[in-house]
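Build the full structure now, drawing on both the sequences and the hints.
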Amino acid sequence: MELLYWGNNGWGDEIFFASLVTIALAVCSYALGLILGLYIAMGKLYSNKIVKISLDGYTTVVRGIPELLVIYLLFFGGENIITQIASVFGYDGFINLPPFLIGVLAIGFISASYSAEVFRGSIKSVHKGQMEAGLSLCLSKDKIFDKITLPQAIRIAIPSLGNIWQLTLKDTALISVTGLAEIMRISRVATNSEREPFMFFIVAACIFLFLTSVSTKIQKIIEKKYNRSMVR
Amino acid sequence: MKKIGFLTIIIITILVVIQFNKKSSDEILRVGVEGAYIPWGGIDPSGNVVGFEVELANKICEKINRKCKFIKQDWDGIIPALLNNKYDVIMAGMTITEERKKKIDFTRGYADTGVAVGSLSLEKSNSIEELLKKLEGKKLGVQTGTISAKWADETLKNTIIRSYGTQEELNIDLLNGRIDAGMNDTSVWTALQKENEDIKIVSPILTSKDDPLFGEGIGIGVKKGRTELLSELNRVLNEMSADGSLSNLATKWFGYDASLR
Amino acid sequence: MELELFINSTIEILKAVPTTLSLVTLSLSIGFIMAIFLVAMSLSKLMLVRFFANSYIYYFRGTPLLIQIYLMYFGFGYWLSMHENVKQSIFWDIISEPYWYAVSALMFNTAGYTAEILRGAILSIPKGQFESSYSLGLSYYQSMIKIILPQAIRQALPAYSNEVILMVKGSSLASIITIMEITGTMNKIRSETYAVYELIFIAGSIYLLINFVITRIFNYLENKYKIVSN
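Protein chains in written order, with this note's numbering: chain A, 6 to 237; chain B, 68 to 328; chain C, 26 to 255.
Treat the hints with caution; some may be incorrect.
For lysine-lysine, the following DSS-like pairs were computed, each having C-alpha atoms within a straight-line distance of at most 25 angstroms [as the list claims (entries may be wrong)]:
| id | chain 1 | residue 1 | chain 2 | residue 2 |
| --- | --- | --- | --- | --- |
| 1 | C | K40 | B | K217 |
| 2 | C | K249 | B | K201 |
| 3 | C | K112 | B | K261 |
| 4 | B | K170 | B | K136 |
| 5 | B | K139 | B | K170 |
| 6 | B | K267 | C | K40 |
| 7 | B | K205 | C | K40 |
| 8 | B | K224 | C | K40 |
| 9 | C | K112 | B | K206 |
Only part of the chain A face toward chain C is listed, based on derived beta-carbon distances under 8 angstroms [as the list claims (entries may be wrong)]:
| id | residue |
| --- | --- |
| 10 | Y63 |
| 11 | G69 |
| 12 | L73 |
| 13 | G82 |
| 14 | C143 |
| 15 | A178 |
| 16 | M189 |
| 17 | P202 |
| 18 | F213 |
| 19 | S218 |
| 20 | K222 |
| 21 | I223 |
The set of hints was computed from the structure by calculation and includes no laboratory data. Note that beta-carbon positions come from the ideal geometry of N, C-alpha and C, so glycine has one too.
Below, the structure is given as structure tokens:
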């Protein structure tokens with residue numbers, strides 16, 4: 006148990022800060038995923054054929070290959086790609102991305118592919134009459150989307166978005182393969198150096214269980230709040 | 068909603084631009100280390116990097132008036148990360164080999180400990196032929212991307228080879244018997260003997276004389292094209308070799324003079 | 026990357042496909058049987074049995090698969106191998122084999138998810154089905170196995186096809202405990218050649234192909250067993 010103490014002799018502080026990294030990573034990737042996902046969904050629904058096909062390709066590929074491959078791609082190749090893009094704009098030099106940002110991008114891209122499907126479904130499920138009603142009030146198309154379609158679509162999407170949050174949270178563990186000091190990484194390092202098979206992994210598992218349970222609770226509250234006015 | 072979207076994109080752009088403009092400062096030498104490879108470089112419980120190469124790097128930095136900044140990187144991504152400019156040099160017990168020279172430049176070697184097989188159960192073999200026979204049907208652990216892994220892959224056809232991400236995970240499985248032997252730099256086994264005296268080096272120490280694959284000692288990896296840095300590092304290494312400080316440092320960490328003259 | 030290297034890498038990675046497939050099929054089939062038991066337990070009248078099943082599902086759905094694999098191999102397996110009598114036993118050859126740890130980790134994981142899918146499906150079958158099978162003189166277990174479960178499995182097919190794809194993707198994590206499946210082989214070649222994009226392209230295409238075939242199979246099954254309502 007001393008191994009979990011705070012300070013130089015124990016891993017308590019390392020594990021605590023690693024948990025914060027995990028939470029930050031999950032929140033940022035989830036937010037990125039939501040925003041990207043919404044744009045992808047809109048592109049899939051309202052854009053021309055070429056955009057539609059490429060976006061369909063994106064979600065199919067990202068959901069069809071292991072998360073680990075997406076992470077490897079960005080981690081080993083991401084900076085190269087960005088540098089090459091920058092060199093097109095006349096920048097000669099190398100662009101460094103901090104590991105945290107690479108992690109956010111990788112998990113965010115994965116999360117986006119799932120969110121996109123959810124948003125697409127929920128936007129589609131908003132009744133057409135709503136749009137017609139908006140048009141009859143002389144609202145512009147953008148306004149109708151922002152003020153009428155989207156709020157309802159989000160409300161419909163909430164339960165599924167909650168599931169994606171859980172998925173994203175668990176996916177952050179994979180970032181440990183890049184060396185970012187999140188929970189998994191720290192428990193692996195601690196296990197190796199203390200030769201203690203169970204403790205650190207069990208602590209890590211408990212932290213994840215705690216995080217997933219807390220988010221389930223919050224999710225229930227949010228669902229309740231948004232369903233209050235929903236009369237069906 | 069669109070506003071939030073644009074705002075996020077702007078924030079991300081700013082973040083990237085900040086990274087853009089952060090020119091690699093001249094005063095800092097960023098050193099890529101693995102940190103799971105004692106005595107070359109490891110991590111203590113407070114998270115600091117320690118080891119032979121850490122001290123060597125600090126000495127080198129002192130001599131070239133720079134400050135060392137150590138950046139940890141897993142072994143199997145250590146060359147790509149150098150190519151990606153994550154750090155300026157690699158000091159991670161990396162053997163100078165022809166294969167690697169195609170990708171990066173190396174300074175002169177600063178140490179050479181050779182490669183060996185460590186084991187709890189196998190008996191000592193005196194030649195490579197004997198070793199090959201003894202390893203038949205056994206499980207040999209190697210670390211992905213090392214010269215040992217490549218050699219084992221090419222030479223040992225009747226041995227079950229397990230590739231580990233880090234030497235420490237290999238050590239765990241070697242000590243608890245899930246693999247019969249491990250193959251890596253000799254220094255790794257002498258370090259492991261401190262934890263478990265029963266670990267023995269059961270092979271002859273393999274160097275470039277046995278197979279060119281085993282390289283020309285351990286050197287500092289530098290990205291191609293950075294000739295100024297390379298010659299500066301070579302100059303300092305020559306100095307340290309001449310005044311004996313390199314041997315002293317090597318003796319301190321390896322228990323004998325493992326430095327390369 | 027030169028063409029020759031590209032072809033050689035493709036061949037080498039393709040050779041690893043059977044390992045991935047065997048990992049996935051083995052863990053999915055045992056996991057499915059386990060899931061049926063878990064569902065039965067979670068619908069049990071005994072509180073303790075119910076509690077066990079529910080915590081099992083809760084744990085395996087609430088933690089990342091990566092932790093479960095680590096706990097299996099570097100936790101449980103490490104602990105096992107610390108015992109001398111385990112090492113002397115005839116099972117040591119199996120116990121020291123990382124493959125079985127990967128299979129069991131994947132199997133326990135999919136059992137938890139599949140149980141949750143099946144439970145949801147069973148609860149969605151209208152109560153009337155039970156009542157009518159009782160009225161035909163079937164016992165609880167008979168009506169469960171003959172009437173409810175077939176319908177529930179049909180109901181669960183879309184969700185289960187997702188779970189199968191998740192398992193194919195999850196099997197890539199076995200590479201971390203030294204198993205040379207698709208991702209492991211890709212990593213080995215990458216560490217030797219330093220090529221990134223080409224190798225990820227090859228491995229990614231193989232995974233996509235596998236998942237495409239799985240989707241097709243499940244689409245076929247869904248169509249075949251479609252609930253025909255008038």
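Status of the hints after comparison with the structure:
Straight-line distance between C-alpha atoms of K40(C) and K217(B) comes to about 19 angstroms, which keeps the hinted pair within the 25 angstroms bound. Proximity of K249(C) to K201(B) is assessed by CA-CA distance (about 57 angstroms); at most 25 angstroms being required, the pair is judged violated. The hinted pair formed by K112(C) and K261(B) meets the criterion: a straight-line CA distance of about 24 angstroms does not exceed 25 angstroms. Using a Cα cut-off of 25 angstroms, the hinted pair K170(B) and K136(B) holds, with the two alpha carbons roughly 23 angstroms apart.
Restraint check for K139(B) and K170(B): the C-alpha separation of about 20 angstroms stays at or below 25 angstroms, so the hint holds. The suggested pairing of K267(B) with K40(C) is violated, with an alpha-carbon distance near 35 angstroms, which exceeds 25 angstroms. Only pairs whose Cα atoms come within 25 angstroms are accepted, and K205(B) paired with K40(C) is accepted, the gap being roughly 22 angstroms. Proximity of K224(B) to K40(C) is assessed by CA-CA distance (about 17 angstroms); at most 25 angstroms being required, the pair is judged to hold.
In summary, the hint linking K112(C) to K206(B) is supported, as the alpha carbons are separated by about 15 angstroms, within the 25 angstroms threshold. About 13 angstroms separates the beta-carbon of Y63(A) from the nearest beta-carbon of chain C, more than 8 angstroms, and the hint is not met. Look at G69(A): its Cβ gets to within about 5 angstroms of chain C, closer than 8 angstroms, so that hint holds up. This hint holds: L73(A) has a C-beta 5 angstroms from the nearest C-beta of chain C, less than the 8 angstroms allowed.
Interface restraint check: G82(A) against chain C, minimum CB-CB distance 4 angstroms, threshold 8 angstroms, status holds. Interface restraint check: C143(A) against chain C, minimum CB-CB distance 42 angstroms, threshold 8 angstroms, status violated. Because the closest C-beta pair between A178(A) and chain C is about 4 angstroms apart, less than 8 angstroms, the hint holds. Because the smallest distance between the Cβ of M189(A) and any Cβ of chain C comes to about 6 angstroms, under 8 angstroms, the interface hint for this residue holds.
For P202(A), the interface hint holds, since its Cβ comes within 8 angstroms of a Cβ in chain C; the closest pair sits about 4 angstroms apart. About 5 angstroms separates the beta-carbon of F213(A) from the nearest beta-carbon of chain C, less than 8 angstroms, and the hint is met. At its closest, the beta carbon of S218(A) sits 7 angstroms from a beta carbon of chain C; the interface hint therefore holds under the 8 angstroms criterion. With 8 angstroms as the threshold, the beta carbon of K222(A) stays out of range of chain C, its nearest partner Cβ sitting at about 13 angstroms, so the hint is violated.
The criterion of a C-beta within 8 angstroms of any C-beta in chain C is not met by I223(A), whose closest approach is roughly 15 angstroms, and the hint is violated.
The earlier numbered hints that this structure contradicts are 2, 6, 10, 14, 20 and 21.
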